[in-house]
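Kindly generate the complete structure, drawing on both the sequences and the hints.
Residues per chain are reported as follows:
There are 2 protein chains.
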Amino acid sequence: MRFIIQRDLLIESIQHVMKAISSRVTIPILTGIKIEATQEGIKLTGSDSDISIESFIPKEEYGLEHVEGIEEGSVVVQAKYFPDIIRKLPLKTVELITDDQYKVTIKSGGAEFHLNGQDAVEYPHLPKLHTDNSFELKNDLLKDLIKQTVFAVSTVETRPILTGVNMIIEEEHLDFVATDSHRLASRKIPLNLNNENISFKNVVIPGKSLIELNKIIEDNEETITISVTENQILFQTKNLYFLSRLLDGNYPETSRLIPEQSKTIVHTKTKTLLQAIDRASLLAKENRNNVVKLQTKSNNEIEISSNTPEVGQVNEDVTTESIEGEDLKISFSAKYMIDALKIIEEDHVKIEFTGAMRPFIIRPIDNEHILQLILPVRTY
Amino acid sequence: MRFIIQRDLLIESIQHVMKAISSRVTIPILTGIKIEATQEGIKLTGSDSDISIESFIPKEEYGLEHVEGIEEGSVVVQAKYFPDIIRKLPLKTVELITDDQYKVTIKSGGAEFHLNGQDAVEYPHLPKLHTDNSFELKNDLLKDLIKQTVFAVSTVETRPILTGVNMIIEEEHLDFVATDSHRLASRKIPLNLNNENISFKNVVIPGKSLIELNKIIEDNEETITISVTENQILFQTKNLYFLSRLLDGNYPETSRLIPEQSKTIVHTKTKTLLQAIDRASLLAKENRNNVVKLQTKSNNEIEISSNTPEVGQVNEDVTTESIEGEDLKISFSAKYMIDALKIIEEDHVKIEFTGAMRPFIIRPIDNEHILQLILPVRTY
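For the protein sequence lines, the chains are A and B, in the order given.
When you number the first sequence by the UniProt record's numbering, it's gap-free, plus one each residue, and the end is 380.
When you number the second sequence by the UniProt record's numbering, it's gap-free, plus one each residue, and the end is 380.
In short, the hints are calculated from the structure, not lab data.
We put the CB at the ideal spot given by N, CA and C, even for glycine.
There's no promise every hint is true.
Simulated pairs of lysine to aspartate or glutamate, EDC-like, Cα-Cα distance not exceeding 20 Å [claimed, not checked]:
(1) 271/B to 84/A
(2) 107/B to 144/B
(3) 143/A to 345/A
(4) 147/A to 317/A
(5) 107/A to 278/B
(6) 107/B to 317/A
(7) 285/A to 317/B
(8) 350/A to 366/A
(9) 107/A to 84/B
(10) 335/A to 84/B
Beta-carbon label-pair distances, calculated as ranges [as the list claims (entries may be wrong)]:
(11) 12/B to 49/A: 49 to 59 Å
(12) 62/A to 329/B: 43 to 53 Å
(13) 49/A to 189/B: 57 to 67 Å
(14) 369/B to 208/A: 52 to 62 Å
(15) 208/A to 22/B: 35 to 45 Å
(16) 72/A to 269/B: 31 to 41 Å
Pasting the structure below:
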């Protein structure tokens, strides 16, 4: 194998595949990056078995030559050293050469590295997906769906299925739902399926996969293709191939958790409420639960308060836009409320309560497609 | 105690005194910030016994009113909560009020915090220094002296005196010297003492104190006054008072370590050499010592190389500006060399070697006042 490549493109590709590489894998060769050179270009692969990422650098693109002098071949290099070496090379281009002992020579300017590599034949083959369950999304919309839900997945393994995000396609809508059983985040968008008949309810993507995917895909309007099989999901753009396993098991039916009636409705500015909760939580951190209280008052005011006897107490009156319905006094996790309000880009939110012991709902005003649900905490 | 203060000034003062506050102190009240209000302004104090910092916010300055409604008094607040609270308040001003139970009320907009405080009488008194050993420096020059030496102090406690920087005044020159016995950094500047007769050789300032001081003083041409007693040193600007203990013991005589003759002299570009050493060190990190080799070659070239059999090897030919004297092959710590070259702002350096087993010297060309010395490593 031999080629000369634009260094910045190689660095970008390395950063992408590194998202899948872990030093704690059971198959030793997976601590490496697989490099394959063909006349079409250079392909890098990283995998930890759960997530596999391929990043392709075409020989030519938009009339620019990215790679030259290609002699085909492949090798696996140690991911612990390769990225830093490429990043610190002196010139804008770098030449890679392998010999028949899988020794990799890296040349740029006066610098010459010789790294011990491994035979790429030892590297596991990535499965090729065969499915008709494919649909397309814009990159930026997929990023929104991830950001607005993935923070609510469970981080404990007591119910593994809850560590994933449930992806549902029904009636030409795509819905992402995540819950750790104390709160729930959901985002729904209309989906144009071009008359294809795709529908599924029980696809559960590991939260970790979506977090890594979100780091790699750019925030633009380019198209990403999503393909689903029984146990894997593939996200594919022009030069990127992101494969993740799906979680086994049945995702709980969450729609029945969402209250249909409400007894107290508060309209308020998102940021004002977020900052008041954030301040109140400063003194709530000594408590394991980080609990703050919300109480309706007269003149459209709510009081946010928290009390830790050893440290002190805090209370803040927040003027809302309106309070309708019954008086209310409720306690909840400041962290969950901050998480929920942070991902709402709209300036105004509506909060619907159904009493101090029932879950409550936060939604942006004029956007029914984002829903955040939080279970209150009993305080005595 | 009661006052209303500009919040950004209070935040800045808190950040300064926090540099002296540690959660691991034997005197519990030192985990707090002492706040004192007088008609002149507000003074904050933080201390861990080794370092004490006072930051003063004058009531008025440059015709601006920083503090209003002052009722004199003092209190100690918990440093764990106070900084975050002040930082997250909603308005540009904040009111502080204490009651006779040392309860501190913090008000800004609708937010109101009540924190448990402590009686300031319990807070240790900072010593007042009485000394004629005072001199003045510009802030930016003091920052240079610190940056160019403090990285070379010892980080192990086997010889505690080496964890400090030796400050010497002799013959109208100020000299900072640091060594961990494997390398040495020194910076000398001429000092205008206005005919006062100040001279000392054995003042040793803890490296940690200088690192914290460097974070607080601004990079400008304002004047800082330095006063030295037998066991303490005070750095004082208009609104800041930074007191540190000095280290006990005799600092070793370092001047005899510096070779007076050299056998090989290399002139080269600082950055080119720095980057080549940095690259070579990528593969040297598996070795405990992070050792790289330098070898003179023909055509004014030097070869920088490193070899870790399990990983691979690297070599790079660097074109220098000149090589005079004997051929040379020497091994040394890449980290020490990188540290030394990083603090040299000049574009060109001169390296003077006296054989493979003797310490070598790095100096900027045309600046005899900066000197870096490194002991080589024996390799077989």
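Each hint tested on the structure:
no.	hint	result
1	271/B to 84/A	18 Å, holds
2	107/B to 144/B	41 Å, violated
3	143/A to 345/A	14 Å, holds
4	147/A to 317/A	30 Å, violated
5	107/A to 278/B	16 Å, holds
6	107/B to 317/A	12 Å, holds
7	285/A to 317/B	56 Å, violated
8	350/A to 366/A	9 Å, holds
9	107/A to 84/B	50 Å, violated
10	335/A to 84/B	16 Å, holds
11	12/B to 49/A: 49 to 59 Å	50 Å, holds
12	62/A to 329/B: 43 to 53 Å	49 Å, holds
13	49/A to 189/B: 57 to 67 Å	60 Å, holds
14	369/B to 208/A: 52 to 62 Å	54 Å, holds
15	208/A to 22/B: 35 to 45 Å	36 Å, holds
16	72/A to 269/B: 31 to 41 Å	39 Å, holds
Hint check: violations occur at hints 2, 4, 7, 9; the rest are consistent with the structure.
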